[in-house]
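Q: Single-letter residue listing:
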Amino acid sequence: DAMVIQNPRYQVTQFGKPVTLSCSQTLNHNVMYWYQQKSSQAPKLLFHYYDKDFNNEADTPDNFQSRRPNTSFCFLDIRSPGLGDAAMYLCATSSARSPLHFGNGTRLTVT
Amino acid sequence: DQQVKQNSPSLSVQEGRISILNCDYTNSMFDYFLWYKKYPAEGPTFLISISSIKDKNEDGRFTVFLNKSAKHLSLHIVPSQPGDSAVYFCAASEDTSYDKVIFGPGTSLSVIP
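Read top to bottom, the protein sequences are chains A and B. Every letter in the first sequence is one number past the one before it in this note's numbering, and letter 109, counting from 1, is 109. Counting the second sequence from 1 gives a position; this note's numbering is that position plus 1000.
This is chain A alone, in the form it adopts within the complex (with noise of 0.2 Å):
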């Protein structure tokens, strides 16, 4: 089955320990997105690629970072969380007209 999968479920960090989520496709769409989600709020977008191409929310922290080395892959790195980071991690894929598609998230935990 053709899916969109994020590792690891649960990740729990220490406050300003550098952590690194990670999305995985196997749909070779071309866009991915990642959305952060606070309990009972609306997903909130991050960043997305369009192929290569980073686009980043301007009211996205400096604190977030974003990879994409493939197509497949995108990982979304946390230089220093702090304790308002913790939060579900969603990662997405799209391509031309087609809605997104969610793995099933990242909760991460920061002590």
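One or more hints might be untrue.
Said to hold, decoys possible - Simulated crosslink set (DSS-like; lysine-lysine; CA at most 30 Å straight-line):
no. : chain 1 : residue 1 : chain 2 : residue 2
1   : A       : Lys52     : A       : Lys17
2   : B       : Lys1054   : B       : Lys1071
3   : B       : Lys1005   : A       : Lys44
4   : B       : Lys1071   : B       : Lys1100
5   : A       : Lys52     : B       : Lys1100
6   : B       : Lys1071   : B       : Lys1056
7   : B       : Lys1054   : B       : Lys1068
8   : B       : Lys1068   : B       : Lys1056
9   : A       : Lys38     : A       : Lys17
10  : B       : Lys1056   : B       : Lys1005
11  : A       : Lys38     : B       : Lys1071
12  : B       : Lys1054   : A       : Lys17
13  : B       : Lys1100   : A       : Lys38
14  : B       : Lys1100   : B       : Lys1005
15  : B       : Lys1068   : B       : Lys1005
16  : B       : Lys1071   : A       : Lys52
17  : B       : Lys1056   : A       : Lys52
18  : B       : Lys1054   : B       : Lys1005
19  : B       : Lys1056   : A       : Lys17
20  : B       : Lys1005   : A       : Lys38
21  : B       : Lys1056   : B       : Lys1100
22  : A       : Lys52     : A       : Lys38
23  : B       : Lys1071   : B       : Lys1005
24  : B       : Lys1054   : B       : Lys1100
25  : B       : Lys1054   : A       : Lys44
26  : A       : Lys17     : A       : Lys44
27  : B       : Lys1068   : B       : Lys1100
Said to hold, decoys possible - Non-contacting residues of chain B with respect to chain A, defined by C-beta distances greater than 12 Å in every case (computed):
no. : residue
28  : Ser1028
29  : Phe1030
30  : Thr1063
31  : Asn1067
32  : Ala1070
33  : Gln1081
34  : Pro1082
35  : Pro1105
36  : Pro1113
Since the hints were derived computationally from the structure, they do not count as laboratory data. For each residue, glycine too, the CB sits at the ideal point set by N, CA and C.
Add chain B to chain A, keeping to what the hints say.
A: Relative to chain A, chain B alone:
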């Protein structure tokens, strides 16, 4: 500034009855609207969409209605089933390139057997 609003955080409906989930938006440039459904511990999955050139789109038990002048859309589920219990997100984008999709905060639907 929330561009997509879902003012009802939760909704309970009896099995077999109609569920109506509402969504309002503020950005008049939005021209494509989607509903996603999310079960606990899973990512959202696409349910149904509508473009701004239509006012209704139907897919089985699910119908989405769009009122552009009121900047309002609604999702109707008829008849509601216990398996429909989930969080429903309304989402919108400015063009059909789908590059930037803005989500509402979701409505948690409980269908009571």
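Q: Would you mind confirming whether the straight-line C-alpha gap from lysine 1071 of chain B to lysine 52 of chain A stays at or under 30 Å?
A: It is violated: about 34 Å lies between the C-alpha atoms, which goes past 30 Å.
Q: Since proline 1113 of chain B was said not to touch the interface, does its Cβ keep a gap of more than 12 Å from each Cβ of chain A?
A: holds (25 Å)
Q: Is the straight-line distance between the alpha-carbon of lysine 1056 of chain B and that of lysine 52 of chain A 30 Å or less?
A: violated (36 Å)
Q: Checking one constraint from the list: CA of lysine 1054 of chain B to CA of lysine 17 of chain A, max 30 Å. Satisfied?
A: violated (49 Å)
Q: So if I understand the rule, the pair passes when the alpha-carbon distance is 30 Å or less; does lysine 1056 of chain B with lysine 17 of chain A pass?
A: violated (49 Å)
Q: With the threshold set at 30 Å, check whether the alpha-carbon distance from lysine 1005 of chain B to lysine 44 of chain A stays at or below it.
A: With Cα atoms ~13 Å apart, lysine 1005 of chain B and lysine 44 of chain A stay inside 30 Å; holds.
Q: If we take the beta carbon of phenylalanine 1030 of chain B, is the closest beta carbon in chain A still more than 12 Å away?
A: holds (14 Å)
Q: Is lysine 1056 of chain B close enough to lysine 1005 of chain B, meaning Cα to Cα at most 30 Å?
A: holds (20 Å)
Q: Can we confirm that no CB of chain A comes within 12 Å of the CB of asparagine 1067 of chain B?
A: Holds: least Cβ distance 21 Å, greater than 12 Å.
Q: Given the proposed pairing of lysine 52 of chain A with lysine 17 of chain A, does the C-alpha separation stay at or below 30 Å?
A: holds (28 Å)
Q: Lysine 17 of chain A and lysine 44 of chain A: Cα distance at most 30 Å?
A: Roughly 23 Å separates the two Cα atoms, so the pair holds.
Q: Within 30 Å, alpha carbon to alpha carbon, are lysine 1071 of chain B and lysine 1056 of chain B?
A: Within the cut-off at roughly 14 Å; holds.
Checked against the numbered hints given earlier, the structure breaks hints 12, 16, 17, 19 and 35 and satisfies all the rest.
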